[in-house]
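Respectively, the protein sequence lines represent chains A and B. The numbering used here numbers the first residue of the first sequence as 1 and each following residue consecutively. The numbering used here numbers the first residue of the second sequence as 1 and each following residue consecutively.
Honestly, the hints are just simulated from the structure, not real lab data. Treat the hints with care, as some may be off.
[Said to hold, decoys possible] Here's a subset of chain A near chain B, in silico, CB distances under 10 Å, partners left out:
no., residue
1, V8
2, R144
3, E146
4, H149
5, G220
6, P234
7, L235
Positions of the beta carbon are idealized from the N, C-alpha and C atoms, including for glycine.
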Amino acid sequence: MILVTLRVMALGLWRDRAGLVLVFVLPPLVFVVFASVFGAGISGRLDIRAEVFDQADSVDSHRLIDGLRYQLGGRLIRAPNVAALEDAIKSGRADAGLVLAGNMAEAETPVTVLVHPGRKAAGELLTAQIDAAAAQDLPELMLRREIAHLTPILKLTLDQDRHLINSPLDFLPSPPFTTERILPGGDPLQIYYGGAVSILFLMFTAMQGAMTLIDERRAGLRLRLGLSAGGVAPLLGGRMLWLTVLGVLQAFVLFLVADFAYDVPLLKNLAAWSVTAACAAAASGGIALGLAAACRTREQAQPVSTFIFLVLAAVGGSMAPRFLMPETLQQLGWLTPHAWVIDAYQTVLWRGRVNTTVVQAWIVLSGFAVVGFAAALLIEGRRQL
Amino acid sequence: MAAEQTEVVLRLSQVTRRYGNQIALDQVALELAAGEVYALIGRNGAGKSTLAKAAIGALALDSGSVRILGVDPSNDLKVRRAVGIAPQEVALYPHLTIAENLDAFAALAGLSRRERVAAVASAMDDAVCTQRADERLDHLSGGWQRRANLAAAIVHRPRLLVLDEPTEGLDVETRLVLHRLIARLRAARTAILLISHNTEDVALLADRLGVMEAGRLIAEGRPAELMATAFDGRTELVIRLSTTTPLVEPFLRARGLAPSDGGLCWSGNVANAFAQAHAIEIELRRVEVELRELAVRPPGLDALIGWATGLAPA
């Protein structure tokens with residue numbers, strides 16, 4: 001009986017093209033958008049657009065612009081004057097701008113960064129990029145500025161000063177003070193959004209599947225199904241199994257995209273990931289079945305479930321990272337399956353381990369599944385056809 | 001035949017069910033034997049469909065009992081496999097084909113894979129829907145969906161079949177399919193509980209009928225016996241006038257006729273209908289009222305319902 005229900009549900013989805021897209025295409029798409037917006041920002045790959053007005057128009061200023069253009073990946077364009085540059089920033093065409101004025105080696109501050117008050121972070125990013133470009137591409141100019149600054153302090157003679165300034169142009173920059181080594185493992189924020197988007201869509205997918213209970217009631221099918229031996233338990237059991245299998249498949253497609261696009265180590269941690277995905281899908285299935293059983297009509301179930309799922313998603317961290325939330329909201333988040341799912345995925349995929357936190361998450365998620373399913377059994381069992 | 005029909009398939013004893021203050025079934029007692037077609041008739045809201053749910057064990061009762069083949073279906077779920085139902089709605093999965101739907105319901109009834117192949121083919125054959133077997137239900141017309149609905153009710157060869165308004169919205173051809181199917185099932189000793197508004201179908205198909213009103217079974221018996229009890233040889237007289245006038249009302253009422261259609265139509269079940277008709281014709285001529293139509297016919301089941309419920313005089 002469970003297998004019959006499973007087959008009926010699977011054929012229902014297989015023959016519903018729009019449903020297939022919503023289940024398997026939309027979640028990875030939303031994930032890619034979230035991951036590329038939020039993931040990139042935290043990882044230090046935030047791209048800014050800048051404009052430059054080169055009032056100095058010197059060899060040095062040209063070299064700085066070339067270096068900066070390389071740093072910004074080509075997202076630097078020239079402005080004809082300061083007014084045009086300011087207008088570009090005000091209108092949002094550029095995140096920040098810079099004006100190069102005076103002798104680059106001698107002027108006290110030859111570079112001025114212009115920034116909109118609403119985008120101060122863009123100014124800081126551009127400043128850092130300018131410093132990096134100057135150190136990388138104009139080392140002798142930076143040296144001349146340092147010498148000019150140090151001469152009165154070190155009391156250099158004129159000869160020493162001239163000797164240093166006339167150093168060859170192929171002067172090599174000193175080796176960097178710090179270096180960076182990226183360890184293997186996915187980007188935590190991209191893993192975060194993998195879990196966040198996955199549980200968000202799992203809930204809605206499960207609800208769509210669970211609402212077939214209401215359709216069956218409305219179409220008189222429950223009367224006919226009620227005649228089958230076993231009663232309501234196998235009917236709900238088959239549905240629960242289907243929602244769990246479907247949920248795991250949906251999450252797998254999403255994380256597979258994450259693996260290919262962002263090196264999220266899904267396949268390396270497949271076993272632990274599978275248990276987490278199954279627990280998350282079962283929790284969604286249980287909650288959705290409980291809700292569908294409690295509602296009399298689709299018209300009632302649709303808004304009620306949307307309201308509940310969106311609130312859970314907001315509090316549980318599916319919409320904005322939980323670490324950005326106030327402490328109270330973070331604590332409240334533990335009442336939602338979302339927070340547990342996200343936490344478990346992060347530990348399994350980012351840290352690559354199954355620890356107490358993960359096991360705790362599995363238990364809590366299974367609890368959501370059991371309670372939801374039991375509620376559905378109780379309500380449907382008592383319901384008069 | 002009478003000896004064969006002694007096996008009681010369905011027995012309802014003093015079945016009562018309330019919804020709040022409203023009584024849906026009131027002390028209903030009914031027996032249905034193997035190979036018997038029992039028709040339930042009555043007005044909308046009389047409790048016919050509720051009784052059908054009670055009969056298959058899908059309704060919690062306030063009091064009374066239901067036995068299918070001697071077993072309480074609410075305690076023993078296995079006996080429900082002996083029941084088939086064709087609800088008023090097309091109770092099938094719209095995204096599945098007819099064959100897939102039947103296979104699913106046969107599997108739910110506990111048939112093995114091998115049994116299902118034969119059962120599905122046989123049910124489609126009986127309901128004359130084999131030629132559209134591989135088409136999705138939501139791609140079929142209402143008539144074909146109805147046939148599939150019937151086929152799903154009989155795919156597991158139930159001992160008790162409940163048909164709730166099976167001819168509602170059916171074309172003539174599909175109605176004939178249903179009539180032939182019921183005849184075959186009756187011959188195979190399937191007990192059939194038929195709920196219908198279509199008095200023509202009931203008159204043709206039912207061995208016994210029961211009239212329901214306000215949750216009670218107020219009359220029961222073989223159709224001919226019930227008609228004889230209700231009308232005692234009287235026949236229905238219907239006349240239609242060209243105009244209304246107060247002059248005709250007293251003598252039409254005196255002859256047991258009741259008005260409808262704003263006084264233009266008068267009808268009633270009367271003794272010696274032809275003599276009465278002749279007398280009325282003479283009277284109308286005398287008061288110079290034109291007689292548009294005059295009909296004498298045996299009373300139908302609608303009249304029987306009217307008699308049983310006391311809403312129309314016999």
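Hints versus structure:
| no. | hint | in the structure |
| --- | --- | --- |
| 1 | V8 | holds, 6 Å |
| 2 | R144 | violated, 77 Å |
| 3 | E146 | violated, 76 Å |
| 4 | H149 | violated, 78 Å |
| 5 | G220 | holds, 4 Å |
| 6 | P234 | holds, 9 Å |
| 7 | L235 | holds, 9 Å |
In this structure, the hints that do not hold are numbers 2, 3, 4, in rising order.
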